[in-house]
Amino acid sequence: MAGKKKKEFEELRIGVFICDCGSNIAGHLDCKAVTEYAATLPGVVFAKENLYTCSEAGILEIQEAIKKHKLNRVVVASCSPRTHQPLFQNSCKSAGLNPYLFEMVNIRDQCSWVHMQDRENATRKAMDLVRMAVARAAFLEPQQDIESPLTPRVGVIGGGSAGLSAAEGLSRMGLEVVLVEKNKELGGLLRNLHKVAPEGVDASERLEGLIQDVSSRPNVKIFTGAELKSLDGYVGNYVMNIRDGEGQTVKESVGCLVIAIGAIPLVQKGLFGHDGKRVITQMELEPILKKGKFDAKRVVMIQCAGARGDERSYCSRICCMIAVKNAMFIKKLSPDTEIRILYRDMQMYGTEKEKMLWEARGEGIRFEVYDPAHPPEVGDKAVRLRQPLLGREIEFAYDLVVLSTPLVAREDASELSQLLRVPMDQNGFFLEAHAKLRPLDFAADGIFLAGSCRYPATYDEARSQGLGAAARVGTILFKDKLVTSAIVAEINPETCVGCMGCLQMCPYGAISYDQERKICQVNEILCKGCGCCAATCPSESASLRGFKPQQLMSQIRAVMEG
Amino acid sequence: MLDVGRHPNIKLMAYSEVEEVNGEVGNFRVKIKRKARYVNEDKCTGCGACSEKCPTVVPDAFNEGLSTRKAIYTWFAQGIPSTHTIDTEHCRQFQGKKCGICQKVCQADAVEYDQKDKFVELSVGAIVVATGYEVFNPNRIPEYGYKEIDNVVTAIEFERLLSASGPTGGHLYRPSDLKVKEEVPALEKSLKKLSKALERFEKKYGQKSEEFYKALGKEEQGNDPDKAKWAEAYEQKEEVSKRLSEYKAILEKMDVAKKLAFIQCVGSRDIRFYPFCSGYCCMHSIKEAIIANEHEPETNSVIFGMDIRAVGKGFEEYKIRGADHSSITYVRGRVAEIIQLPDKTPVVVYEDTMERVVREEPFDLVILATACVPNKGTKELAGILGIELDRFGFFRTTQANPVDTTRPGIFVCGCADSPMDIPESVAQASAAAARAAQVIVETEMKKAS
Ligand SMILES: Cc1cc2nc3c(=O)[nH]c(=O)nc-3n(C[C@H](O)[C@H](O)[C@H](O)COP(=O)(O)OP(=O)(O)OC[C@H]3O[C@@H](n4cnc5c(N)ncnc54)[C@H](O)[C@@H]3O)c2cc1C
Ligand SMILES: Cc1cc2nc3c(=O)[nH]c(=O)nc-3n(C[C@H](O)[C@H](O)[C@H](O)COP(=O)(O)OP(=O)(O)OC[C@H]3O[C@@H](n4cnc5c(N)ncnc54)[C@H](O)[C@@H]3O)c2cc1C
Ligand code: SF4
Ligand code: SF4
Ligand code: SF4
Ligand code: SF4
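Those sequence lines, one after another, are chains G and V. Okay, so the first sequence: first residue is 156 according to my numbering, each after it adds one. Okay, so the second sequence: first residue is 14 according to my numbering, each after it adds one.
What the hints contain is simulated information worked out from the structure, not anything from laboratory work. As the structure is a prediction and not an experimental result, all values here were calculated from the model. We treat Cβ as the ideally placed atom computed from N, Cα and C, and that holds for glycine. Each hint should be verified, as a subset may be incorrect.
What the hints assert, rightly or not - Some chain V residues well away from chain G (every beta-carbon gap over 10 Å; in silico):
1. Thr-96
2. Lys-389
3. Leu-394
4. Ala-440
Stated by the list, open to error - Computed from the model, here is a short list of chain V residues facing chain G with C-beta under 10 Å:
5. Glu-311
6. Val-315
7. Met-319
8. Ile-321
9. Lys-332
10. Ile-333
11. Ala-336
12. Pro-436
To be verified - Estimated spans, in silico, between C-beta atoms of each pair:
13. V/Ile-453 x G/Glu-354: 25 to 31 Å
14. V/Ile-333 x G/Leu-488: 34 to 40 Å
15. G/Asn-338 x V/Ile-453: 44 to 50 Å
Build out the structure end to end from the sequences listed, making use of the hints.
Right, here's the structure in full:
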């Protein structure tokens, strides 16, 4: 680290700024007293109370003080660092002070708000917090943000609706794409479908346009019959090792990845008497409908076959729609065929699907609710059902039973999950970073997900997610370089005993074991600065910059002094 | 929200409206009205000194009118930007009365009563519409007695009641009880006033009001206007103190609502109103019932729905957990009517379709899961943007291009496209961002070549 050696002898010149926040803080504690107190603390050469530290005038005051009083540390006691730390840090930076020499205390939330009725104690607590911050500031060290280059190329794994949409999106955003599809052909599940609900166009039509668009783009490189075998590197600089269609290993550098390997419709022999002939799945029905000839006169569809039960508790989201779609299409091919759909809840969410349900009812398709405690029984000739509405058993003779089975995770998804070091949920679907707010991100930087490998999705949902993942990639690769915070872990190679305790604790896979030197190492780009490793390390070799033992202990000692 | 607020590439124009759009994909010119806040956005630090001192109290729309705010306010505490705004309809200064308090207390000198609406013109390559939805007004279903029956609330109102930062600090009191509680101080004040008046009469005539009133029955009435006033005041006092003791008795017994009914598909899946399914409301009812049970473990909830649409990731599991651990019962059926008992208890009348009988069941509180419907401004906005609506009144898209509107370069996401939950909205928002980025990139490339 440059500048480190002169540090020890440099005189401490700490500036402390106490914000009134109008009356928000000053109304409930004595800011003047806190400021006077701050001025007496060791190392403090300047202390000032501001009406609003964050206002233009307040910022200017900090910047002028840095110059005039040659401040080499700045402490602001005001509101939440979450909202204001970046502003203050940047202001220090533009006044020539390394932003990592800035420290902030929250005397609004932690003092004036929570101790609103107790001015005296709120003031005392503010003093304690300021004393701690000043103590810590004394030990802060200047740091440089970590910069690394970015490869403006993207690996897309899986060439179904979601993967193709991601590839299209990325390519049109001007990024190069490497598309890896396991199958000999692109298209995924849609290749074997007949029509696509709710609009009802041919699946092949829907797919052809997309495949053609993607295949004709000069900046998309497509590998079919190929697989990702391993992945090296980290965000911005990955290397994919691909086994291509000929069995050769190819290396491709990419900055980010989008995972879109889909899921597969469950086929389980014996489930409700499944035999692939008279008892089939919706997926098996699709090619029959595609042929355009349908002669069964009595059809019974059973929903949630293999879903929402003990073995698989989730609802597969799309199979109710698929059943209604196919039932309506049977009616079109063979209007006098009698169709009954045995269901638990008809999951026709949204505008268009619910409309399909109204229309299906209008066409004479019958819906019969069943209770999961008494599931339908498929006999040789008839399906028996205990009808809860009528409270007795009824029988429906059938020519064909169609099971609406769920999409289930691919078996090889777990392999991929290990290879990419991304998590799966209890059902084998990939687990996103945040269920609500980051549905297309993995917690690991630079890897995104879309389509049915995340959770069963309709075509339009898979497409939106594919396009969405492209935008998520853009947030990283549309920059010139990757800049990450300097607050990362470091491991002292002299003292590390290579126990790998930290390696196991690190939630971001940022620590690797160096076989030769028999010690652990931190990848600064991957490290998020959570500090787990530092807390674990038995030899105190791992530490977090900005939160070294000395820096933390100084704070703890300061609070004891109070 | 915060990230958007401080992102260097995002210019946030809150309290603004699109007035006009010209040009075409890659090169739109958008005229925007920046409504006057009467507070200078650059100067205001959001300290809130002004609203603390503002004398004008207004029902708080953010808390669904369940609490109050001032005439100078922020929409909610964590809002971005944190700039305050004057509600001119209520502000005394703007209503021609004397005030000017906020201008005086504002130490940042940010209050500007003479601010005017401003118009700005932007050049943009693409436009994303994310104007969302509003909820169905359940007044349109008179059988549910919304607004007539105090203890029937909408899901949004219920969420405010549940919120720790909401009007009741997260305690689930029945609105009928809260109303009583709110009236007590006024009654106490009027009782005090009346007692004082009576005291004056008592002093003047040297007689206890009670005796006076008793004797009055026998005597001729109303000859003496002064005594008539006395009698009137006495009657009023009796009336008020009776009501007050009734109210106090209610408040003494006041407890949080523990038996909740959630009514699904209010305005949705109903050809009288909106035929579609709003997609997210089954889940928010389950969520709300679970939270209510977390706040008060004795809470029992019944969710009345035709189907429970728990179709997202982890939702079915969440629904089952609600039944197993949060005392939720799911009842298949449509609620016919809600009636009210004299003690303000709402009673749900429904057909139990599994048992085929009509049942009546009392609850402490009934929550209506109202439909997600197009915003009032949607039509007008569609006109301004020159894009089409679908048959349900949302912005039209196609399955092939789920975030493209009918005009190139204009994209849509979230509930403006159709009802959907947060994860779906977020995914779509990213998709719209990708489409918009493509437009920009392709426009630049065209320019370069
Ligand atoms: C019977 C049935 C009917 C349906 N009908 C409709 C309908 O009417 N309307 C509608 O909107 N949706 C319908 N769907 C849903 C639709 O099929 C999905 O939305 C869509 O296929 C999801 O796309 P995806 O890209 O996520 O996954 P997929 O289509 O499954 O594509 C995944 C791709 O990834 C590839 N892959 C897998 N593993 C790897 C690997 N390790 N490396 C590289 N590549 C890999 C696969 O070979 C495949 O090409 C139906 C689904 C089924 C089962
Ligand atoms: C009671 C309730 C509970 C819910 N709970 C959950 C939940 O727990 N989880 C979940 O996933 N979802 C939940 N939802 C659904 C969730 O609210 C929606 O999915 C989400 O808000 C959709 O986001 P949006 O951005 O599309 O729309 P909105 O949130 O409606 O945002 C639209 C924004 O656009 C602004 N706007 C409107 N018109 C204009 C205009 N002309 N010009 C400029 N701006 C305009 C509006 O002011 C608003 O800020 C709930 C909904 C309700 C009603
Ligand atoms: S979508 Fe329908 S059939 Fe599929 S699991 Fe859910 S409820 Fe069952
Ligand atoms: S600080 Fe956290 S992310 Fe960084 S190496 Fe240590 S454990 Fe991993
Ligand atoms: S207008 Fe003035 S008093 Fe009101 S919040 Fe803004 S800065 Fe504070
Ligand atoms: S989500 Fe549930 S409550 Fe909402 S409209 Fe659909 S079925 Fe009704």
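Consistency of the hints with the structure:
Annotated as non-interface, V/Thr-96 keeps its C-beta farther than 10 Å from every C-beta of chain G; the closest such distance is 13 Å. No beta-carbon of chain G comes within 10 Å of the beta-carbon of V/Lys-389; the shortest separation is about 18 Å. No beta-carbon of chain G is positioned within 10 Å of the beta-carbon of V/Leu-394; the least distance is around 19 Å. Interface exclusion of V/Ala-440 from chain G breaks down, the closest Cβ pair being 5 Å apart, not more than 10 Å.
With 10 Å as the threshold, the beta carbon of V/Glu-311 stays out of range of chain G, its nearest partner Cβ sitting at about 28 Å, so the hint is violated. Checking V/Val-315 against chain G: minimum C-beta separation of about 17 Å lies over 10 Å; hint violated. With a least beta-carbon distance of about 8 Å to chain G, the hint placing V/Met-319 at the interface is held under the 10 Å criterion. A least Cβ separation of about 5 Å between V/Ile-321 and chain G falls short of the 10 Å threshold, and the interface hint therefore holds.
Nearest Cβ of chain G to the Cβ of V/Lys-332: about 9 Å, under the 10 Å cut. The hint holds. The beta carbon of V/Ile-333 comes within 7 Å of a beta carbon in chain G, closer than 10 Å, and the hint placing it at the interface holds. Given hint, V/Ala-336 at the interface with chain G, is violated; its Cβ is 12 Å from that chain's nearest Cβ, farther than 10 Å. Taking 10 Å as the C-beta contact cut-off toward chain G, the hint placing V/Pro-436 at the interface holds, the least distance being around 4 Å.
At about 29 Å, the beta-carbon gap between V/Ile-453 and G/Glu-354 stays in the expected band of 25 to 31 Å. Checked against the given bound of 34 to 40 Å, the beta carbons of V/Ile-333 and G/Leu-488, roughly 38 Å apart, stay inside it. A C-beta distance of roughly 34 Å is found between G/Asn-338 and V/Ile-453, which places it outside the suggested range of 44 to 50 Å.
In the structure shown, a violation is registered for the earlier hints numbered 4, 5, 6, 11, 15, in ascending order.
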